[in-house]
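Peer 1: For reference, the chains in residue letters:
There are 2 protein chains.
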Amino acid sequence: MLDFDKAGGLVTAVAQDADTGEVLMLAWMNREAFEETVRTNRAVYFSRSRNRLWRKGEESGNVQEVVGVYVDCDADAVLLKVKQVGGAACHEGYKSCFFRKLDAGELTAVGERVFDPKKVYGR
Amino acid sequence: MLDFDKAGGLVTAVAQDADTGEVLMLAWMNREAFEETVRTNRAVYFSRSRNRLWRKGEESGNVQEVVGVYVDCDADAVLLKVKQVGGAACHEGYKSCFFRKLDAGELTAVGERVFDPKKVYGR
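Those protein sequences? They're chains Y and X, same order as listed.
Following the numbering used here from start to finish, the first sequence increments by one per residue and tops out at 130.
Following the numbering used here from start to finish, the second sequence increments by one per residue and tops out at 130.
Note that these hints are calculated values from the structure, not bench results.
Mixed in with the good hints, there may be bad ones.
No distinction is drawn between identical chains; accordingly, a pair holds when it is met within one copy or between any pair of copies.
Stated by the list, open to error - In silico BS3-like cross-links for lysine-lysine, where the CA-CA straight-line distance does not exceed 25 Å:
| hint | residue 1 | residue 2 |
| --- | --- | --- |
| 1 | Lys13 | Lys126 |
| 2 | Lys90 | Lys13 |
| 3 | Lys108 | Lys90 |
| 4 | Lys90 | Lys126 |
| 5 | Lys108 | Lys13 |
| 6 | Lys125 | Lys90 |
| 7 | Lys108 | Lys125 |
None of the values given here were measured: they were computed from a predicted structure.
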């Protein structure tokens with residue numbers, strides 16, 4: 008169903024807000040993360056920096072309830088339609104990780120900040 | 008502005024329909040592709056299989072006019088909001104590359120097919 012061999016055991020995953028259509032984040036999945044996501048209807052990714060499964064929201068509580076799973080034509084990317092608990096996907100407290108817009112050569116934060124990371128993660 | 012070192016000179020790019028919010032495709036960009044995209048307001052990717060720049064629509068005519076460029080918190084992913092000329096981003100003729108939905112363990116084509124690939128690509 009998915010081609011995990013193309014990128015060393017991983018596929019890319021895009022999470023999209025099921026209600027608003029906003030693209031929330033991009034992450035990676037290995038086979039185990041994908042299978043757990045499908046089985047539990049909770050988004051589970053593979054953290055390349057920590058080299059382990061990353062159950063989205065495990066620390067912040069901002070889990071993603073999965074309402075639809077789509078696979079692309081090349082079978083190396085997954086689109087999750089999710090309900091974002093807590094209203095923010097980004098660890099910086101923004102609704103979307105793509106909160107910076109390129110404008111005249113500069114990046115400007117345009118996204119909606121929902122929480123203060125210091126309060127959620129204590130750092 | 009972007010961290011091209013994390014994945015061997017490439018960042019991931021998500022194209023989203025600027026009007027409907029539909030996620031159209033996921034692809035890759037090297038620095039040259041990103042800079043040309045920003046300069047021309049036309050989506051340019053880097054094809055890993057062909058190992059060269061891929062000016063989206065160069066063969067099909069289905070170019071993507073870029074109306075917004077967003078960068079994620081880790082600076083290794085780009086979100087393009089685009090107007091998809093021809094109405095279809097996928098080389099299989101579907102509006103979105105994510106035209107297959109997972110349902111009870113099976114993938115089913117649920118996306119809208121806009122053109123016949125044989126007529127567009129002659130194969």
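Peer 1: Evaluate each hint against the coordinates.
Peer 2: Cross-check of the supplied hints:
no., hint, result
1, Lys13 with Lys126, "neither (39 Å within a copy, 29 Å between copies)"
2, Lys90 with Lys13, "neither (29 Å within a copy, 29 Å between copies)"
3, Lys108 with Lys90, "both (24 Å within a copy, 17 Å between copies)"
4, Lys90 with Lys126, "within (22 Å within a copy, 39 Å between copies)"
5, Lys108 with Lys13, "between (30 Å within a copy, 21 Å between copies)"
6, Lys125 with Lys90, "within (23 Å within a copy, 38 Å between copies)"
7, Lys108 with Lys125, "within (24 Å within a copy, 38 Å between copies)"
The structure fails to meet hints 1, 2 from the earlier list, while all remaining hints are met.
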